[in-house]
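Can you make the complete structure from the sequences, with help from the hints?
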Amino acid sequence: MSYENLSGRTAVVTGAASGIGEALALQLAAEGARVALLARRADRLQALVEKIRADGGEALAVAADVTDDASVDAARDLVHETFGPVDLVVNNAGVMLPNPVVEGRLDEWQRMLDTNVTGVLRVIRAFGADLVAAAAEGRTADLVNVSSVGAHIPFPNYAVYGATKAAVTYLSQSLRGEFGPRDVRVTNIEPGLTETELKDHIDSAELSGQLDGMLDAIGTLSAAEVADVVAYATSRPRHVNLRQIMVLPTRQA
367 MSYENLSGRT
377 AVVTGAASGI
387 GEALALQLAA
397 EGARVALLAR
407 RADRLQALVE
417 KIRADGGEAL
427 AVAADVTDDA
437 SVDAARDLVH
447 ETFGPVDLVV
457 NNAGVMLPNP
467 VVEGRLDEWQ
477 RMLDTNVTGV
487 LRVIRAFGAD
497 LVAAAAEGRT
507 ADLVNVSSVG
517 AHIPFPNYAV
527 YGATKAAVTY
537 LSQSLRGEFG
547 PRDVRVTNIE
557 PGLTETELKD
567 HIDSAELSGQ
577 LDGMLDAIGT
587 LSAAEVADVV
597 AYATSRPRHV
607 NLRQIMVLPT
617 RQA
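Under this note's numbering, the final residue of the sequence shown carries the number 619; numbering is consecutive throughout.
There could be a bad hint or two in this list.
[What the hints assert, rightly or not] Derived CB-CB ranges, DEER-like: (1) S574 x A408: 25 to 35 Å; (2) D434 x A413: 20 to 30 Å; (3) A499 x R602: 19 to 29 Å; (4) P451 x R407: 39 to 49 Å; (5) E469 x G398: 42 to 52 Å; (6) S574 x G504: 23 to 33 Å.
No lab work stands behind these hints, which were simulated from the structure alone.
All values reported here derive from a predicted model rather than from experimental measurement.
The beta carbon of each residue, even a glycine, is placed where N, CA and C say it ideally should be.
Right, here's the structure in full:
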C-alpha cells in the first residue's frame, strides 16, 4: 500500500538493523522519506543504506547504542548535521530475555530496562524538541513507540520483558498529555507474534521450544506487515492520531 504523504519527511528509526526496524526503514524510504537508521551493527546498517540508495531513496547509517547517553547524543548530532531536524521518530529497538524471575538474572533485567525503557527515553530526549518544532511550523510530527501485546497479556517467564513493555505503553499514554496539545502525535504499536530476531535472544532450550510451538500453532506476522501499520498510522492527516494499535496474527487474537 502506498502512503504518498510520507514523502519529504525526515525519520529516525531505532533497531533498524533487522526485523520491524529494517522493514520500516525500507518502506519509509520507498515512500520518499529520508531515513536515519540507528542500531549497533554498523555493517548491517550500511548494507541497508546501500540497498535504499540503489532503489533511489535517501538513508543514513548511524551506529548507536540506545543504552549509552553519549552514543545517542552523538547520533542526534550526526543526524542533524546530515539531514537537519526530524519530524518522525520510531522507538523500535528492544531486547527480549525471558527466564523465571526466581533465577534472579540481574544482568538480563538491567539490559531489558536499559534498552526497552531508558533507551526509549534517551531517544525522546534527543529528538523530542525536533518534533515540537516541526509541529509548531505546521508540519506533521510523530513519535511512535513499539511496545508489545505482552504489555497487557502475561506470559509465564516473560514477567520482566512484559513489565518493560507495559512501561512503554504507559509512557506513550502519558506523553500524549505533553505532546498532544503541541500537535505532536504519539502512537503506541503493540505487535503480537512477529517474525523478528527477538526469539534468537532466548538462551533457554525449554522456553525456545515453547515459543516455537506457539509460532507453529498460531503463525506470525511478518516484520513488513507491522512496519506497514506504522507507515499507515504516521501517514494520516496531522490532526488524526491513531493512539494505540494492537496488531496480532488472527489466530492469536
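Outcome of the hint check:
no.: 1; hint: S574 x A408: 25 to 35 Å; verdict: 28 Å, holds
no.: 2; hint: D434 x A413: 20 to 30 Å; verdict: 23 Å, holds
no.: 3; hint: A499 x R602: 19 to 29 Å; verdict: 21 Å, holds
no.: 4; hint: P451 x R407: 39 to 49 Å; verdict: 26 Å, violated
no.: 5; hint: E469 x G398: 42 to 52 Å; verdict: 48 Å, holds
no.: 6; hint: S574 x G504: 23 to 33 Å; verdict: 49 Å, violated
The structure does not agree with the numbered hints 4, 6 stated previously, though it agrees with the rest.
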